[in-house]
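Student: Sequence:
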Amino acid sequence: MHAVLVANRGEIARRVQRSVREMGLRALAVYVEEDRDALFAVEADEAVLVDSYLDADAIIAAALELGADAVHPGYGFMAENASFAAAVERAGLIWIGPEPGAIEGMGDKLAAKRVAEAAAVPTLPTTTDLTVAGARAIGFPVMVKAAAGGGGKGMRVVTEEAQLADAVTLAAREAEASFGDGRLFLERYVARGRHVEVQLLGDGRGGLVHLGERECSLQRRHQKIIEETPSPVLTPHDREEICAAALRLGAELDYRSAGTVEFLYDEDAREFYFLEVNTRLQVEHPVTEAVTGVDLVREQLRVAAGEDLGYGQDDITHTGHAIEARLCAEDVATGFLPATGTLEAFAAPDVPGVRWDSGVGPGSRIGTSFDSMLAKVIAYGSSREEAARRLARALRGLHTGGVTTNRDLLVVLLEHPDFVAGLTNAELVEAAVADLEKMVEQGEEERAAVLASLWLYKRRERTVLAGVALRPAWRNGRLPAQVVRLAVGERVHEIAYTRRRDHGFDLGPLGTARIVDWSPDSVAVELGRRRLRAQVTATGDRVHVQTQRGTVTFVVRPRFPDAAQASDPGDVRAPMAGIVSEVRCTPGHGASEGDTLVVIEAMKMELQVRAHLDGQIDELCVGVGQRVDVGDVLLRLRGEG
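Going by this note's numbering, the sequence shown opens with residue 24, and the numbers climb by one from there.
It is worth saying that the hints were derived from the structure and are not from the lab.
Glycine included, each C-beta is placed from N, C-alpha and C at the ideal position.
Where hints are given, some of them may not hold.
To be verified - Distance condition first, Cα-Cα at most 20 Å in a straight line; then the derived SDA-like pairs of lysine to any residue:
hint: 1; residue 1: K461; residue 2: E513
hint: 2; residue 1: K136; residue 2: Y212
hint: 3; residue 1: K461; residue 2: A356
hint: 4; residue 1: K136; residue 2: E299
hint: 5; residue 1: K481; residue 2: R537
hint: 6; residue 1: K461; residue 2: D441
Unchecked claim - Simulated restraints on C-beta separations:
hint: 7; residue 1: T340; residue 2: H25; range: 43 to 53 Å
hint: 8; residue 1: A274; residue 2: R159; range: 34 to 44 Å
hint: 9; residue 1: G162; residue 2: R580; range: 49 to 59 Å
hint: 10; residue 1: T562; residue 2: E140; range: 50 to 60 Å
hint: 11; residue 1: V65; residue 2: G534; range: 47 to 57 Å
hint: 12; residue 1: Q649; residue 2: E275; range: 42 to 52 Å
hint: 13; residue 1: A143; residue 2: A84; range: 43 to 53 Å
hint: 14; residue 1: A143; residue 2: S615; range: 45 to 55 Å
hint: 15; residue 1: T357; residue 2: D277; range: 38 to 48 Å
hint: 16; residue 1: A519; residue 2: D204; range: 56 to 66 Å
hint: 17; residue 1: D189; residue 2: H260; range: 24 to 34 Å
Please take these sequences and the hints and turn them into a complete structure.
Tutor: Structure follows, in structure tokens:
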């Protein structure tokens, strides 16, 4: 093996490239037009432009053109596509992953359950009968799941019979869009379930080990955001049992390469159930690497090149604790809708024990075509507490601008008393979101508005005075009060300040302030007796203020708004950027509050835009296939009466 083509993008492409280079091999890439300037494409030894990351023929042709010996699929896209794996091997290339047969068998979640049962691994009650009768047979609540699914796509929790039909329709459409396979099944839903998975590594010739478990229970939209190892909930006996079950399943498959067996752990019953096998590298693999010292990508490359593992289970040791957080371009305040834009700033701090796996940098364009994850941040510590503190500190020190992220939520989660106590579940994410909302009540948003106003003042002063020399004896008189209007949604902060002779500022009821330090991307201010520091980025009419307590994005509003530009209360606007996939209304027809009017798709996620009042469709402003941005008017409703 001399050269490896990575059939992926973003942070995982860079991650694989790193191990490939460390082994002295050439790192090759494919990229689409949208990723022409992406870091992974720029850093590759050679790269070829393709139309799509899902075009198997083009990827194989690129590998042959560049002289690759092997193809590494990363995760997502073609990583669990058995036909692609087989085509790679037919082309005379090495497939860095499990055998195509194992991928095909485990890719069908129903078939995988049968293999698990054959290996004496517990499974949850399941049915392919998608009717209410089928759901009743296994008992509500149920989870609608895609048979070919993964990554949280094609999944819906159903707690009542009336919800089932819509959930099945939406899950099938999402599964078809994500996997090209709309088949579904129902599975008993465990409300207090913990997501625990076991990392396997095999050589396909009898060599098979596990590298311990990971817990991935903190999720939103059924997608992980914080993962860790070891799990804080498992007892030593639980750990031994669940890892042994994973090994039995791996042996049943004579597994080759890296793979993960996922389980649902019932916290109340202290029992575990098989969910699925991911026949690829997992997003969260770095936490396992941190506590074992095993480079999983390197091991994948070794096994693919024909080497035996060369070690057994007793040779695997675990030290310390590791936690990973997924930094995503999404707006927590709008229910985790994807965020888009250009990253005007992206600067990661250097914190001991912290690793950054990033696919972006300053100037990276974040669109709606791909997954919203920008980077993975991994912290290692001698204890869980130390790892969490290091990770929170690293995230607090991260400077981003131009694109809304979930950074603040991640910090709140890591410092939440329930997380510290090991109580990681879906309710914790909801509690953390509520804590973020309290920031407004505690005055943090208003303090951020002061920082933004004074940063803008200093920037304007620097611009006006650039190149102008003032005589030392010159003194300006007291200036009239300046007013800055900064909006966050419907909330508007009016910051009125007056410059004093001593270069301080009077802020009226907010007290006094003084700029201690200023740069084009930061400001430090004394506000009364308190000193505050923030990183600041301005893009257009938006100002992003990032403090140790959180991030606020303000829209600079004119002091006297143009009435002609005021929004009509009947306007229905796009809550996220994306493509209109469905229009369910017609001009002249009526609509009731809650009716679905338009469906928008972004990052393979569908969002139903509903009527906010009863009325009649006055005007339809979009059509199917049209790209829309946040805030674009989709249609206009005329209210009744």
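Student: Is it true that A274 and R159 lie within 34 to 44 Å of each other by Cβ?
Tutor: Given range 34 to 44 Å: holds, Cβ gap about 37 Å.
Student: Regarding the pair K136 and E299, is the alpha-carbon distance no greater than 20 Å?
Tutor: Given that 20 Å is the threshold and the Cα spacing comes to 7 Å, the pair holds.
Student: Note whether the CB distance of V65 and G534 lies within 47 to 57 Å or breaks it.
Tutor: This hint holds: roughly 48 Å between Cβ atoms.
Student: Need the status of pair K461, A356: alpha-carbon distance at most 20 Å?
Tutor: Given that 20 Å is the threshold and the Cα spacing comes to 12 Å, the pair holds.
Student: Given the proposed pairing of K461 with D441, does the C-alpha separation stay at or below 20 Å?
Tutor: Roughly 17 Å between the alpha carbons, so the hint for K461 and D441 holds.
Student: With 49 to 59 Å as the target window, see if G162 and R580 comply at their CB atoms.
Tutor: With Cβ atoms ~53 Å apart, the hint holds.
Student: Given a hinted range of 43 to 53 Å, is it respected by the beta-carbon distance of A143 and A84?
Tutor: holds (44 Å)
Student: Measuring from beta carbon to beta carbon, are T340 and H25 in 43 to 53 Å?
Tutor: About 33 Å separates the Cβ atoms of T340 and H25, which means 43 to 53 Å is violated.
Student: For the range 50 to 60 Å, tell me whether the beta carbons of T562 and E140 fit it or not.
Tutor: Given range 50 to 60 Å: holds, Cβ gap about 54 Å.
Student: Within 20 Å, alpha carbon to alpha carbon, are K136 and Y212?
Tutor: With a Cα-Cα distance of about 16 Å, the restraint between K136 and Y212 holds, given a limit of 20 Å.
Student: Has the hinted range 24 to 34 Å been met by the Cβ atoms of D189 and H260?
Tutor: violated (42 Å)
Student: Could you say whether the range 45 to 55 Å given as a hint is met by the Cβ separation of A143 and S615?
Tutor: Taking Cβ atoms as reference, A143 and S615 lie about 53 Å apart, which means the hint holds.
The structure fails hints 7, 17 (numbered hints given earlier, in ascending order).
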